[in-house]
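*Asks:* In case you want the letters, here they are:
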Amino acid sequence: MHSMKPINRKARKVEAAMIAVTGDVQALQLRGGEGKIYYPMGCTLNFTPGWEVDVSGGTAGLCQPVERDLFDCHLGCGWPAQVPDHLNNAPDWTDKCASAANDWRKIDIVFP
Amino acid sequence: MSAVEAVASAPYRQRELHAFEAAGTHFVYLVPSGAIFALDKIGSEILDRINKNNSTREELVGFLLERGYERSDIDAALMELEHSEVIMRGDAVHEKPKLPAKNFPLQRIVLNITNQCNLACTYCYEYSPDKISKTDGKPKYMTASVAEASIDLLIKEAADRPSVHVTFFGGETLLNFPMLRSSVDYAKRKCAEAGKHVEFSLTTNATLLTEQVVDFLAEQKVGITVSIDGDRELNDKMRVFSDGRGSYDVIVPRIKMLLERHKTNSIGARVTLSSGVSQVRRIYEHLTQDVGFAAVGFSPATANPNRLYSIGETRMETVLEGFEDLAWEYRDWALAGRHHGFTNVNDTLKELHTGLSKAYPCGAGLGLLGVGTAGDINLCHRFVDSDVGQMGHVHKGGLDHGARDQFLNTHHIGARYDCHTCWARPVCAGGCYHEAFVHYGDTSAATLHYCDWIRGWNDLCLRIYGEISQRNPSFLDRFTEN
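As you go down the protein sequences, you meet chains A and B in turn. Counting with the working numbering, you get residues 398 to 509 for the letters of the first sequence. Counting with the working numbering, you get residues 837 to 1318 for the letters of the second sequence.
Read the hints as simulated data drawn from the structure, not as lab findings. Some hints could be false.
[Unchecked claim] Here are the simulated distance ranges between beta carbons:
1. E902/B <-> I416/A: 26 to 36 Å
2. I416/A <-> G1292/B: 30 to 40 Å
3. G1292/B <-> R409/A: 22 to 32 Å
Where a beta carbon is used, it is the ideal one built from N, C-alpha and C, also for glycine.
Hey, can you work out the whole structure from these sequences and the hints?
*Replies:* This is the structure:
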């Protein structure tokens, strides 16, 4: 919030109700207009903004490779369906990929 | 101009709230929601500007741009303040609070298992000139049959609630200990059959505590409130046997034994403040340091102001000063992450942290009912066996839902007009029905003689809450219910 911070539990409920009414999903390059809260689309963007499109709406100057997205799901998110299960069934599926930006083509294909 | 355009061009104004400062931060306590927000710089400036000048949106945006704020921040801030109901444009429209759903599930029953007492405390609301219960013709002791019917009623009226609570009260509760013991067994068995968890508590004057009694209470995890008013001199002013002898020397060794042997639930001291007994710190320190209580709560005696034992306005000011002194000590301890036993602060902070916005001052008639020795159901333990607040009989038709609905409709905050402009109503909601009845002869009257006191107390607790929220926020986790 811009002007105040919720302190007690009821204030957090008020904040959630307000966001539910006023918030909106917007493309990454847009900023909140009057009366709008800005939050980006997609979970990965919350952690590594910039993989989807650059500030001009193109893909030429991305700050992260598209494939960076995979690693966010792999290590940071824990969403089960997005990437191979690296704990039990495919522990070595990224072994050849030391750097996502350079080695993303080397990520193994896993057949369940 | 359309209605929408008229609102859009109307000047901003502050909605109903209580502003306060703590730890160098500006806060707002919103009414009636009970939400607490810390204002950032722009939020404080907007509120300050609105209160000094009636500003339209255009004027306000111009003012803030001149102060160097970005337009996008200004827009977002105004949107937030409006949607959170801190500020508004146009005329205020007061929405009448909604009445609760019918058949509110019962959560607690208070069984007055005897109307007899072995003490004769001067201020007691069951024996003093202000007494409202009419015990003539009623049995002195509740029978197991009445207690069991009450517990059956609790289970039935609790509907889907997973957990219920039975409180034993008196008179002196332990005068009917054999029946109390069988009631605990019965409640546990019946609640287990109904798939409900049950908890117990009682209030006692401690005169009859023996090792056998205490061991039973510990084994059954019964929460205990002990009535005691401080050191020997203060306690024995009002808490006396019928021959005038003080009770202090009888109870203190028993209380120490209780605190030593009973560790399975909370044991708190409850102090009644009255004329001559208003030395808050002295009482608190004696009960925590010398007697060993971990929690001490204070309350002024409910009394007609003409009574000699009534605490009176002047003494109440002394009491508030004493409360404030102890409350700041609570704050210091909280900032250091330590438990402090002044339960009045603890209880208020918990309500503020949750953000309660009460439609009723307490659970009486709502989630809580009292039952007298004969089985008469009443509003709460203080009204048991009086003409006021009758709501049926445990053996004769059970809870009178019509009487209960009527009571709830006429005592709702929406019907308490005196409270409609008070910022403290989310936590107070008009005050104790019994206090109102003794003072004004009307349970639905707001306890106006305490208004300044209640606002002063809540303002103090808000400032303490605000400071803890900024300097040791993890302390507040203890107030989050699971």
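*Asks:* Output the indices of the hints that this structure fails to meet, ascending.
*Replies:* Result: no hint breaks.
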